[in-house]
Amino acid sequence: GAGVSQSPRYKVAKRGQDVALRCDPISGHVSLFWYQQALGQGPEFLTYFQNEAQLDKSGLPSDRFFAERPEGSVSTLKIQRTQQEDSAVYLCASSLVDRNYGYTFGSGTRLTVV
Amino acid sequence: GIQVEQSPPDLILQEGANSTLRCNFSDSVNNLQWFHQNPWGQLINLFYIPSGTKQNGRLSATTVATERYSLLYISSSQTTDSGVYFCAVTPRGTSGSRLTFGEGTQLTVNP
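Chains A and B, in that order, are what the protein sequence lines are. Numbered according to my numbering, the first sequence spans residues 6 to 119. Numbered according to my numbering, the second sequence spans residues 336 to 446.
In isolation and in its complexed conformation, chain A is listed as follows (with noise of 0.2 Å):
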């Protein structure tokens, strides 16, 4: 597609239940990269694919949170057991090469755990 797009746009989730949200990036981008940003503040990293392989997954800020991309273009990022810290908007990018110039973001998907 034109661009990096991602669903749902909005999602409220109650309390222990779990969440997958859905990354699709621009076509034959090799890099793909998951960010969370909280309200007022700057976007976090939580993990990076290259291709199918997944890097870098330092700032998975848990063990609930899992993140595939199991044939190296469709993402999902999954949360299990949802608390209310998690509520943020979580922020996909893709990139053409294995170089983190010229991200293309999504819209991001906003999650409010209730």
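Take these hints with a grain of salt, some might be off.
[To be verified] Distance ranges between label pairs, derived from CB positions:
hint : chain 1 : residue 1 : chain 2 : residue 2 : range
1    : B       : 363       : A       : 10        : 32 to 38 Å
2    : A       : 102       : B       : 391       : 20 to 26 Å
3    : B       : 340       : A       : 69        : 36 to 42 Å
4    : A       : 89        : B       : 443       : 25 to 31 Å
5    : A       : 22        : B       : 374       : 48 to 54 Å
Because the hints were derived from the structure by calculation, they are not lab data. C-beta atoms are modelled at their ideal positions from N, C-alpha and C, and glycine is treated no differently.
Take the given structure of chain A and dock chain B to it, following the hints.
Below, chain B alone, put in the same frame as chain A:
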């Protein structure tokens, strides 16, 4: 980890005014980018500028890597320039591609 400080935190301008946003970072970097986040939350890459000067229309940026700062200049500001401007860096010697973002500068341009 590396610290990224942006100033000012908030800036209010009248349309047509010029402004300078600053980004200080605490360690050597091999990647520095400026982003604009519009009021709808979309992050747009403005510049990849680990060193030197670049210009794109009314925007320009300069990074002085040896002194660990970068400046973003906005000339003849327009209401559509409103939003949050982020500086983001990758420390030199870091394997992988993670960016560390600053807290941002909230810019409001009034008509």
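Evaluated hints:
1. Look at residue 363(B) against residue 10(A): about 36 Å separates their beta carbons, and that is inside 32 to 38 Å.
2. Our hint of 20 to 26 Å for residue 102(A) and residue 391(B) holds, since their Cβ atoms are close to 21 Å apart.
3. The hint said 36 to 42 Å for the Cβ distance between residue 340(B) and residue 69(A), and at roughly 31 Å that hint is violated.
4. Distance hint check for residue 89(A) and residue 443(B): the Cβ-Cβ separation is about 30 Å, which falls inside the suggested range of 25 to 31 Å.
5. At about 29 Å, the beta-carbon gap between residue 22(A) and residue 374(B) misses the expected band of 48 to 54 Å.
Of the hints listed earlier, those the structure fails to meet are numbers 3 and 5, in rising order.
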